[in-house]
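Chemist: Sequence:
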Amino acid sequence: MAITKDQGSLNMDKFNLSYTSDADESKWLDALKSFNDNNQDARTFIEKYGLKEKKQFTLNLFDILKGEVTGRERSSAALYQTMVALRISLREIDASEVEIVAGGMPLFFKFGNVGEDNKTSIHSDEIRDESMRCIVNCIARTKSLNSLLDVCTEQLEQRTKDGFEASVILGDLCRLMFTATMHWGQLDRGVKIPVTEDDHNRIRRLLPTYKKIMTQHCTTDQPMYQVKLALVSTLLNTPKSLYDEIVDHIPLSYLEEIFTIQSAFFDKPEAPGEMIPITMLLANIAENVPETRDPLKAFTFPSELIKETDEPLSVTIEPPKEAVTQGISSRLIPLMTSSDIGLKHFVSEFFYYICDEDANEVCRLTGYGNAAGLLVSKGLMSLGGQ
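Throughout the sequence shown, residue numbering follows the UniProt record's numbering, covering 1 to 386 in sequence.
Keep in mind that the hints were calculated from the coordinates and are not lab data.
Any given hint might turn out to be false.
With a cut-off of at most 16 Å between alpha-carbon atoms, the simulated EDC-like pairs for lysine to aspartate or glutamate come out as follows [claimed, not checked]:
id	residue 1	residue 2
1	K344	D267
2	K297	E322
3	K297	E349
4	K211	E165
5	K110	E68
6	K52	E92
7	K378	E287
8	K48	D94
Take these sequences, add in the hints, and give me the full structure.
Modeler: Structure (structure tokens):
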């Protein structure tokens with residue numbers, strides 16, 4: 001149902017009135033959540049609500065965040081809804097609000113835990129992610145997004161010189177880079193912004209730095225491994241035309257090592273969060289760099305299952321015994337029927353591309369029953385007939 005001016009304005013009016021008259025969060029939290037629900041797709045606010053109301057809204061939201069500094073702490077739910085409201089409302093910033101926003105920017109860095117060597121308070125992933133999005137919205141609306149990318153690039157280069165070690169800020173920079181480059185990749189659901197030649201050059205400049213990070217040897221309990229995982233997410237924002245250059249800089253073996261480690265979560269509740277980024281990255285690489293398909297296939301399946309002929313081989317309902325008892329495939333095949341839609345999708349996509357987009361080969365190696373969902377989504381239920 002479309003939101004009318006009165007409905008949207010009521011949310012903002014009600015919150016402002018409730019917050020300024022009674023700072024008890026139980027009095028204003030519902031109104032704030034209602035604003036977020038009703039305006040999640042909105043892009044302009046001043047024309048609908050008036051500059052005075054919008055400006056007061058911004059001041060009130062930053063006042064909530066300042067409680068973290070002044071000692072008037074809020075609940076996680078209140079902080080999260082406040083961050084969401086700021087992320088939404090700061091899609092439009094009036095000239096009279098610039099000073100307010102500039103003064104509040106350090107709060108976004110604080111709630112995002114960016115650049116704190118000693119993090120005394122680690123906020124939830126949801127709050128930290130919203131903080132990052134707020135930073136990008138603020139900078140993008142003041143025509144400085146490219147400056148943010150350049151600063152992040154310079155900082156990453158400076159902090160990965162010879163003999164560097166993992167640091168908190170290094171992981172934070174990767175997370176910030178992920179948020180700031182989301183418009184380049186397939187994760188952005190908004191209006192697609194064409195990737196310019198300057199953008200391509202920024203990415204190319206970063207690739208040697210990314211290689212330094214990804215080729216560092218470390219164990220999973222060392223801080224560097226978390227930096228690598230943050231970098232995997234950042235690499236997802238690479239435009240398709242540059243995936244071949246990623247592979248030129250970062251040998252597949254390093255990504256395969258991460259995939260092996262993360263796939264150990266396949267039967268645990270945290271599997272989607274732990275596995276989707278690296279699975280998605282390798283699926284994208286296999287899709288856009290065909291030369292990687294055979295090596296990734298050999299990495300995934302037992303060697304005795306890799307055929308040496310282009311002739312179609314027999315397909316059965318169940319996968320070969322070796323595929324479900326040996327190697328990475330034994331962890332991935334059960335996920336083709338996972339209850340998590342994202343995990344199921346990207347694992348199936350990974351299989352599809354490493355099998356060179358051959359429906360018969362996917363079914364031969366994973367079983368027709370497991371591959372049925374993929375075949376339906378690709379319109380390939382005739383097994384190669386289309």
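Chemist: So, for every hint listed, does it hold in this structure?
Modeler: Evaluation of the provided hints:
1. K344 x D267: holds, 13 Å
2. K297 x E322: This hinted pair holds, its Cα atoms lying about 14 Å apart.
3. K297 x E349: holds, 13 Å
4. K211 x E165: This hinted pair holds, its Cα atoms lying about 14 Å apart.
5. K110 x E68: holds, 9 Å
6. K52 x E92: holds, 14 Å
7. K378 x E287: holds, 14 Å
8. K48 x D94: Cα-Cα ~14 Å, so holds.
Of the hints listed earlier, there is not a single one the structure fails to meet.
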